[in-house]
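We have chain P; now place chain G onto it with these hints.
What follows is each chain in one-letter form.
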Amino acid sequence: MNIFYTYFKKIIEIFKINKRNKSRIGISPVVSNVILASTTLLIGFIMIGTTMNWSLTTSMEYGVATEKAIASQKSNLIIEHVQIINNKAYIYLYNIGRIPLRIVCVNIYELGEAPPSPKYELKTFTDGKTLLDINDFKCLIEDINPSLIGKSLVIRVYAIAFTIFDPYEPAKNIEWGIKIDYLYNA
Amino acid sequence: MHKKKKAISNIVAAIIMFATLFSIIIPLIFYIQNENVLYNSAVIERRELDYYRSQEDLEVHAYEDLKDNNKIKVEAYNKGDISVIIERIWIIDRNLGLDGIYIFENNSDCTPDLPYLLNPREKVVTFDTGIKAIVGHFYDVKIVTRRGNIYIPKESPLQGGHGGNPAKYAYSLIVTIVNMHPGTTYNFTLVGNVPYSPYTLIYKATASVQDISMSFGVNAGEYTLYMSDGAGWNIEETISVPQTLAVVMDCSLSHIMYGLEVTIYSYPKNPLKINSTFTIRAKIKNIGYSTLDVVAVLRTNSTWEIISGEEQYIEDLQSMEEAIVSWDVKATTIGKFGFWVVADNIESNAVIIEAKK
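Order-wise, the sequence lines are chains P and G. Mapping of the first sequence onto the numbering used here: position 56 corresponds to residue 56, and the numbering continues sequentially without gaps. Mapping of the second sequence onto the numbering used here: position 55 corresponds to residue 55, and the numbering continues sequentially without gaps.
So that you can see chain P by itself, here it is in the shape it has in the complex (with noise of 0.2 Å):
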C-alpha cells in the first residue's frame, strides 16, 4: 500500500513540475503545422473514399433504375388474336416496342371474376424460343382450365424487357414489366 502511495506522489509532483514549466515546453510551429495539415490530409481522405465510395453507390443504383425505368418505356406488345381449341389458349403477341421482350406469366381467367395472383415463369414461344424480338410476332400456347371452355375470358400477359429480366429469378423486377389484357369472347 506504501508503495502504491509513494508511487502516486512522485506522479503528482512531475504534474506539478511540468505545470511549473509550462512556457517552456512545446513543439515547434513546423511540427504543429505537420501535425495538424496531417490531420486535415487524413480526415480529407477518409472523406474523399466516404464520398467516391457514396457517389459510386449512387451513381450505379441510379443507373440500374434508370435502366429499367427506359426499358419500361420501350416495352409494348399488344395480343392479336386468341384461339381456344382442345383445352389450349394459342396467344398470338406482337411486340409493338422497342425492346426485345420475355412472357413471364399468362394469366387466363372468366370474365368479371377476380384475377388468380400471377405464378411467373419463362414462357417458351410455338417456335422454341422465349425471346420475342422488336417487331416479332410469335404464338405461345396455354393450357387452360376445362371449367373456363365457353366463357368469356380475360387472357392477361405479363412481359419484361429482355435487359431486366432475371431467368434466376423471373418474378424479379416484374414491377418494371408490361401487362396486356385481352377480352376473348365466347
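Derived by calculation from the structure, the hints in this document are not laboratory data.
Here are the simulated distance ranges between beta carbons: (1) P:ASP127 with G:LEU245: 50 to 58 Å; (2) P:LEU41 with G:SER41: 41 to 49 Å; (3) G:LYS204 with P:THR130: 54 to 62 Å; (4) G:ASP128 with P:LEU131: 29 to 37 Å; (5) P:ASN86 with G:GLN55: 34 to 42 Å; (6) P:GLU61 with G:ASP128: 54 to 62 Å; (7) G:ASP50 with P:LEU131: 19 to 27 Å; (8) G:ILE8 with P:TYR62: 31 to 39 Å; (9) G:VAL124 with P:TYR62: 49 to 57 Å; (10) G:VAL124 with P:LYS172: 43 to 51 Å; (11) G:SER41 with P:ILE48: 32 to 40 Å; (12) G:ALA14 with P:THR130: 54 to 62 Å; (13) P:ILE180 with G:GLN55: 19 to 27 Å.
C-beta atoms are modelled at their ideal positions from N, C-alpha and C, and glycine is treated no differently.
Just chain G now, with coordinates in the frame of chain P:
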C-alpha cells in the same frame, strides 16, 4: 522583417474540398443529368409512338368477291393524316379450328404484298387473300398495322356464300348538284352506311360546269348530305334509302351571303291633289342565306312631308323571306317628284308622283 505565417491545414482542406467537388460530386451530377436525359428521351419516344398510334385511322372492309371465284378480299382506305403500314391480315375460318387460321404477312400469297404502305387519303387498296369462302362458313377478318392497331371490318364475320355484306351496293344514290357559282369551291359530304363513310368531295365550279351529278353505291338506311362553300353557306339534307334514290342540291344561294331585292310595288295614281296623303309600299326580300336586320329608307327629291318617318326597321329577315314596308306621305307642294327606297345600300326602282291643285 516580419514574415506572415500561413496555416497549411486550411489550404490542404480547401484542396481536398475542391478535389472532392470536381472529381466526385460534379461528375455524379453530370451522370445523373445524363441518365435523366436518357430516360426523358425514352419517355418522349414512347409518347410519340402512342400518339402516332392513336392518329392512325383506317376504314376497312371485307367481302366475298362473287365475280372472282368467291375469294375473300379486304379493302383498306387510310382516312387519317399519317401513313400506315399494314403489317398483317388475318382470315380466321371459325369452322376449321387451327387449320382455319390464315395469317398473311411477309412473303405470303396476298396480293399486293405485305407489309403495305398506305398513304393518307390514297386510293382504296384491295387485298386479294386468295381464300375461297365456303358456303356456310364464318370468317373473322382482322388487319394489323405496324404501330399495333387492329382493325376489324364491320362486315366481319363474313358468311361464306353471301358475297360479303349482302346489302353492299344494293342501291344507287344519285346526287345532282346544280347552280354552282363559277370560281366557288364546294365541299360535299355524304354520311351514312356507305363503304367509306363519310364520303367527301371537294369541287371547284367553273363557268362551263356549274352542275354535276354523282352516283354512290349504297345500302338501305339513313343518309345525310352536306354541302358548304367554305364561306359560311351550307345546306344539308337527310334522306332514306331506298325511299329516296335521287337528290338535288341547289347551290344558287351559295355565293350570296347578304343580298336584298327592294321593289316599290304600290303607290297612288297620278296626279294627286295638293295636301293629300298617300302611301308608298315597298317589298324587301332577303335573297342571301344570312338572316338580316334591315333599315329601309324612303328617299325623295321633294320637300313633301313623310308622316311615318323616313326609316322603317325590319328585324330578323330570314333567308328568302319577304317584308312589306310602307310610308305615309303628304303632298305639300305642287310638282312632280321622284320616290325610291334604299335598304342596305340597295336601291329600288324610282316612281314619279305628281301633285296638282
